[in-house]
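Number of protein chains: 2
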Amino acid sequence: MILSALLTSVGINLLLCILFFTLYSILRKQPSNIDVYAPRLVAEGKAHSSAFSLERLLPSPGWVRRAWQLSEDELLSAAGLDGVVFMRIFTFSLKIFSFMGLVGILILLPINYVGKQLNAFDISDLPNKSLDAFSISNLEDGSKRLWVHFVALYLATGVVCYFLYHEYRYISLKRLDLFYSSKPQPHQFTILVRSIPKSSEGTSSDSVESFFAEYYPSIYLSHTMVCRTSKLQGLITDAKKLYKKLTDLKSDAHAQHKSRRSGFLGLWGQKVTLVDHYGKKLEDLEENVRMEQSDVSLAREELPEAFVSFKTRYGASTALHIKQSDNPAEWVTEIAPEPSDVYWPFFYATFLPRWISKLIVIVATIILTLLFLIPVAFVQGLANASQLVKWLPFLKGILTIAFVSQVITGYLPSLILQWFLSIVPPIMKIFSSMQGYISNSEIEKSACTKVLWFTIWNVFFANVLTGSAFSTFQFFLDFKDIPQTLAIAVPGQASFYISYVVTSGWTSVSSELFRMSPLFWSTITSCARGSDNEVDVSSVPYTSVIPRILLFVLLGITYFFLAPLILPFVLAYFCLGYVVYRNQLINVYAPKYDTAGKFWPIVHNSTIFSLVLVQALAVGLFGLKQLPLASTLTFPLIVLTLLFNEYCRKRFLPIFQTYSAESLIKKDRKDSSDPAMTDFLDKLVTAYRDPALMPIHYSQNANDHNTPLLT
Amino acid sequence: MILSALLTSVGINLLLCILFFTLYSILRKQPSNIDVYAPRLVAEGKAHSSAFSLERLLPSPGWVRRAWQLSEDELLSAAGLDGVVFMRIFTFSLKIFSFMGLVGILILLPINYVGKQLNAFDISDLPNKSLDAFSISNLEDGSKRLWVHFVALYLATGVVCYFLYHEYRYISLKRLDLFYSSKPQPHQFTILVRSIPKSSEGTSSDSVESFFAEYYPSIYLSHTMVCRTSKLQGLITDAKKLYKKLTDLKSDAHAQHKSRRSGFLGLWGQKVTLVDHYGKKLEDLEENVRMEQSDVSLAREELPEAFVSFKTRYGASTALHIKQSDNPAEWVTEIAPEPSDVYWPFFYATFLPRWISKLIVIVATIILTLLFLIPVAFVQGLANASQLVKWLPFLKGILTIAFVSQVITGYLPSLILQWFLSIVPPIMKIFSSMQGYISNSEIEKSACTKVLWFTIWNVFFANVLTGSAFSTFQFFLDFKDIPQTLAIAVPGQASFYISYVVTSGWTSVSSELFRMSPLFWSTITSCARGSDNEVDVSSVPYTSVIPRILLFVLLGITYFFLAPLILPFVLAYFCLGYVVYRNQLINVYAPKYDTAGKFWPIVHNSTIFSLVLVQALAVGLFGLKQLPLASTLTFPLIVLTLLFNEYCRKRFLPIFQTYSAESLIKKDRKDSSDPAMTDFLDKLVTAYRDPALMPIHYSQNANDHNTPLLT
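As they're listed, the protein sequences go chains U and R. Numbering-wise (the working numbering), the first sequence opens with residue 110 and increments by one. Numbering-wise (the working numbering), the second sequence opens with residue 110 and increments by one.
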């Protein structure tokens, strides 16, 4: 790729971004779009539609200022610690890439450019220069200038590690602060006990009761058994749908008087109004639900798992950490998630199937990650013009037009790739939920890690290695050659990744802001059904967003050393992302649960991986460039980086796993004098009841439309 | 090697064994050797010298019967659970090798022998047959008879896993039984706290006191700071030596009247008797010790580490398992060893140097293991006749005699190898003690693992791979070829390992029984100084013994499949070992501390490794023999074996790490009604005092010779 082509691509994408931003500035002020651009404010009742004015039709940068001025405390109260941590990925990246950008553009880039390897030293014809002239490939073999790169690598590693340490420390302190200032929360007092042994007499519930009453008499509070409620959940979903239909009918004055026959398929029988018909059906369904609920409680479809609550946080923590039974496969304890965070369909009854399914999921994930591109390439191969004509002969006429054919053959494969890529995060989420995690946040975290490695493999390694002789297994098996293979392949892809940052990165941010598909659906549905009162506020889709951001961190760190020209574009990506996501966090997304920063270790590990990757690359590259001393001297850097990581693991990671005795006891003592604790403990007893077992009152609500729902 | 050569070697070694056993039967009955063959009985005062009779000069098998009849309970009380576990390695091996021996000799061996690959089907000339005729190499490529081996492999894996499960289960139950029936022991109530933060005012001791009194007011009992006492220990050792000299002098009526001058080097000054002289010196030394002791206590050479004792076992376990401080690098808790098991010179003050030294040790161990043979081969190369003559010209005359030269060149290199090998366990022990373990048993366990991998690498892999093109790193780096490389190399070494089992294995057992070097030293010293009352009873040197036994398990399992002819010899080894070590456990060794079976997981892991090794070999071998289906079908066996191992890790390993809440609370409740507990808790307060800080009274004892030592 030559410089002018890059500039054209940048120009086009810049214009697109400006267009999106401008459109957003206007559209967000239209009352009809408020569900799309500020669903959170609507749900919180803070949205106010202003009267029509000319200002509404002009783009204004007010939202940028608001997003910018947001303080961290405001962010914390709005988006939880997870939101704060999420935004700190951006500030962290901005910090490291500012340093790298300065070093890269002011020092490394000129040095690369005056190299003679590619015979490019001719300043007159700059626009037609290949981008490779700005990369390290342009330096001749054995050049002493490579030592500048060597020093820059050491410096950059130092700076990144400093900021990593600083962030880890800051976030872990934040996490502790949050804990110290938190109100009593059910999950602090509760643990999940799994693999409860069956006692010969009595139910599992009895054996939980007797076990904890026996061994923890002074601190044991209560327990809630986990039941198998999949059937019940199906019924409740049906009831919900019916209730919605009914309220829609009632709000529509015209439809209220429609009628149908009560017999089979509405073909014969007595005529009844639709409202009565659905009302009757809803009542029947509710009766079913209630019967099933009492069935579940009576017939005891209990699983050998229970949430056990204690009177103190320290008590819960004690029971969590000590092996309960002489048989380590029984009475297995786990941290309980927040009640709203529990993933209810977890049902792996015993120890053995649980970890077998875990192993299967791990294998499936590895296979999906490594072999993903093979079926995709196959499908893409099928999606060319001649194949299409074979399948859908009626397209023949259109496809003979050269332009259409070009667009289809050029665009269809990439569309297919995009579609395949977009289904990966949901698939990984399904995998993670099969792994036996008990909370949505754990599933999300695990899926996030999976998607991260998937992305790094498929967007980085598979892409880079296709150029050189690429065979997945061969690459792994000859692992002594990895640095060299990478050193040959990676610099060649620099121009591809620069345009990748511009096209994929910038576009993803602006489309996040513009919310194309919600806007589309909202327009369609509002045309079809009129306005709908219920607004669905989702939480930030960390599973898909964080891996994408971390990919750009990886690209930035890797190409800082190889082709520093990428850095301004990466910096621009993070600047855009910083503003856009702050805006989205306060307007669009609302957290459903808070992991209190548990995503940070993923970010930390991924950054360390990027560092080690660039160091391994440097080892290979210095070797290729016939500077074996530099190659050897880079080894200690890898060791130091790994030691630093190990230190951070020991020093900070435990803080993200459990709280310390010190903090738990302090909190307990503070609470012991609080009269509100009695109330809290009373509520704690029922906090972990399966929502499917809650009484439902839809038909009552349907009759009395104004009362709020009780779910 | 041909069959007759093997039989000769077996014959010679058998005769040697019989000779050793016979000599032992006679020598053990001589009163002068009682210190050598029953030091434990002497120390316990159970040894009784019988009057002289003719019987004393005849070999008798009575000791074999006694060793054989010993019940497990007797063994438990005599040698602790460690002794029982140690003997169960033998019974376990006997069980699996009996099965393998039956299958191997009755089924596999004939099948191998009728193979035609090596053109060996000629029963007439049996004695001159190469041993390879009995190995799997003799089967022709693609032979259907290999399926018998395939089935045998599956069967053997099943049987080994069954017994492994059974043993793990049995030993973990024994461990729990032992705990339930144990008297209160200090280490059950105590934890070690490391990385105690320095408080601004006061000492570390104060901050321990205030921390635990604050957070564990109801269960905290006391604490003992760990001090730096290396100087003190040196002084005490000197005092001990001096005291021994003095008592020797006093018991020797003649020497008591010797005298020397009191001045410099005894050259001038007043004449004093030697007894007075040493007595004075001892008193001075003791004064020094006392001053140093009070120095240590006053000047507070405290380390930031302390043993903290609690009033209940459950309390100690709670404090052990929960992270104490918000900073995970402070107040790090560990299981406390038995007081007699504490390794006092542990001194790594802080968190960071501790794990850096750990990393260094790991690297050093790997280097020592992988590169051990290179310097050894170099030294062996130097130790040939011509080199010796060059260094020590006076040997020239002797070395020209052909026989002497042959013996030296033939024997010296192997002597050097033996000597190098014998210093490995002590080196590994030093490594392990540098790793920051706090107890002798942990050091021993860790050293045992290190020696095990060292042995397996250097005796098995390095030996096997020297035959084929051997390069350590290449072997590891091309790990997809490992099965094939092994499949080519390992069967070729069958005859070497058969004779290795006979020479090294049988000899090691009989020399263990005969105790050559203690016998030698005892004879020398008793000639020189007359009898010595102090008997040094050592504990079983698990570090060097267990790896050797496990090597034979590895050889047996591996060659069961390849060359079943090895099995009778392995079985003979374990039979001998069974009798000999039972005898040694009751007569020679006395346990100094009991890890309660913590060595078993090492045995388990090593056996699983052997299984996976033979399975990988089978994969390679079936491939070589052009039976790809069998090769593929062996893969599931590897997976199943690893899953089985994983299951055992989850199911049994936690039992070997900590006790459960259930068992701790039960024990605590049982004790709470015991009036002896008050006494015990009083003693507990001082149980973990550094022995170097105990008051010493040697000079007093020296004056009053009959009182026992107070150390």
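Careful: at least some of the hints might be erroneous.
Identical chains blur together in the list; that is why a pair holds if it fits in one copy or across any two.
What the hints assert, rightly or not - Taking lysine to any residue and the SDA-like style, the derived pairs with C-alpha atoms no more than 20 Å apart in a straight line are:
| no. | residue 1 | residue 2 |
| --- | --- | --- |
| 1 | K792 | D385 |
| 2 | K292 | K792 |
| 3 | K759 | N436 |
| 4 | K354 | Q593 |
| 5 | K155 | I536 |
| 6 | K307 | R760 |
| 7 | K775 | N436 |
| 8 | K775 | H430 |
| 9 | K505 | L116 |
Hint data in this document are derived by calculation from the structure and do not stem from the laboratory. All values reported here derive from a predicted model rather than from experimental measurement.
Quiz item: With identical chains treated as interchangeable, where does the CA-CA distance between K759 and N436 reach 20 Å or less: within a copy, between copies, both, or neither?
Solution: Between copies only: 10 Å across chains, 29 Å inside a chain, cut-off 20 Å.
Self-check item: Identical-chain pair category, K307 with R760, by Cα at 20 Å
Solution: between (40 Å within a copy, 18 Å between copies)
Practice problem: Up to 20 Å between alpha-carbons, please classify K292 paired with K792: within, between, both or neither. | Solution: Within one copy only: 14 Å inside, 44 Å across.
Exercise. If the cutoff is 20 Å on CA atoms, where do K155 and I536 land: within, between, both or neither? Let me know, please.
Key: Close neither inside one copy (36 Å) nor across copies (73 Å); limit 20 Å.
Self-check item: Alpha-carbon proximity between K505 and L116, which holds within one copy, between copies, both or neither at 20 Å
Solution: neither (37 Å within a copy, 86 Å between copies)
Quiz item: Should K775 paired with N436 be assigned to within, between, both, or neither, using CA atoms and 20 Å as the limit?
Solution: Classified as between: cross-chain Cα gap 15 Å, same-chain 33 Å, threshold 20 Å.
Quiz item: Between the shortest in-copy and the shortest cross-copy C-alpha distance, which are at most 20 Å for K354 and Q593: within, between, both, or neither?
Solution: neither (64 Å within a copy, 68 Å between copies)
Quiz item: At most 20 Å between C-alpha atoms: does K792 with D385 qualify within a copy, between copies, both, or neither?
Solution: neither (38 Å within a copy, 83 Å between copies)
Quiz item: When no copy is specified for K775 and H430, does a C-alpha distance of 20 Å or less occur within a copy, between copies, both, or neither?
Solution: Close inside one copy (18 Å) and across copies (18 Å); limit 20 Å.
The earlier numbered hints that this structure contradicts are 1, 4, 5, 9.
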